Amino acid sequence: LQFGHDAGRTLYLSGDTQAIGWVDTRTFDRTGSAEASTGWCPMVLDTNGDGRIGAWTNPGEPDDPKKDKRLAGFLYGMGVSPLDDSVWYARYTYFINDWMPGVPGGLMRFVRGDNPPETCRIEYYEIPVKDGKAVAFNPRGVDLDSDGVAWVALGSGRLGRFDRRQCKAPSGPDATGQHCQEGWSFFDTPGPRFKGVTTGSADWHYLTWVDQHEVLGIGKDLPIMPGSTSDSLLVFQPESKSFVTLRVPYPLGFYARGLDGRIDDPRTGWKGRALWANYGTLATTHIEGPDTNSRIVKFQLRPNPLAK
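If you number the sequence shown the way the working numbering does, the last residue is 308 and the count never jumps.
In case anyone wonders, no lab produced these hints; they're calculated from the structure.
Remember, it's a predicted structure, so these values are computed and weren't measured experimentally.
Misleading hints may appear alongside valid ones.
[Said to hold, decoys possible] Under the rule of at most 20 Å between Cα atoms (straight-line distance), these lysine to any residue pairs were calculated in the SDA-like manner:
hint, residue 1, residue 2
1, K130, V103
2, K220, S146
3, K66, R52
4, K130, R52
Build out the structure end to end from the sequences listed, making use of the hints.
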């Protein structure tokens with residue numbers, strides 16, 4: 001879940017396979033009415049180009065140029081753009097017959113408009129497939145930087161960057177996923193690879209968080225994601241295209257799936273700022289050490305080793 005930047009303090013939710021939902025928290029606080037404060041929209045692409053949601057084809061049905069196209073797929077991590085309040089979801093796909101292959105997945109951009117669901121707008125940007133092979137796959141988490149660029153953690157051991165400004169036609173009859181390959185770029189994360197694999201790493205990344213406010217202290221708008229199988233958080237530095245690894249050393253162990261940042265007191269320097277990550281595998285009791293439970297892990301970075 002993520003809050004928007006609008007006056008209603010809208011709380012957007014993920015986790016559904018058929019629709020996008022939200023709660024207008026200001027309206028709920030004022031009225032206590034779930035009916036008045038909640039809403040949802042189907043995941044429909046405006047492929048007939050009439051500027052609204054109309055009759056659509058369902059997933060698995062042939063495309064019809066006179067109709068829109070409805071999508072399905074699990075909406076995993078999400079982020080809200082600070083520029084235009086658009087909501088971005090990592091659309092994780094799973095194999096269902098032949099109409100929803102397990103790879104590659106992609107990013108879904110959502111704008112609800114002023115009279116949803118009629119005014120809802122969906123755009124879908126699939127991870128590029130070149131020569132019949134996906135260049136990455138398994139998107140799990142997405143967040144936006146101050147320029148509205150989306151950063152997505154991928155289970156294939158890569159970090160993806162998507163810049164919608166590079167798209168020639170973000171919507172229309174051909175905008176069904178593979179229409180903006182020019183908006184994508186990818187970066188291999190550090191770590192070993194499986195034999196025969198030429199991109200990415202054996203690490204498995206989950207949710208993404210972009211440090212828009214320089215919480216960590218090493219730069220603004222740095223994407224950070226869990227090194228879920230490497231006991232770490234991975235901080236990407238776009239200027240140098242390199243990663244900084246924040247490692248929790250053995251034997252403590254660390255299995256992170258998500259993180260967030262918090263500034264408690266900007267006047268106290270590094271002491272008033274911290275990253276907070278979960279220790280959240282599905283079965284922590286199977287991790288080395290008896291009676292291991294879930295934890296919250298706090299990261300702070302001193303400006304120099306002797307800083308007080």
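Cross-check of the supplied hints:
no.: 1; hint: K130 - V103; in the structure: 13 Å, holds
no.: 2; hint: K220 - S146; in the structure: 9 Å, holds
no.: 3; hint: K66 - R52; in the structure: 13 Å, holds
no.: 4; hint: K130 - R52; in the structure: 32 Å, violated
Consistency note: the structure conflicts with earlier hint 4 alone.
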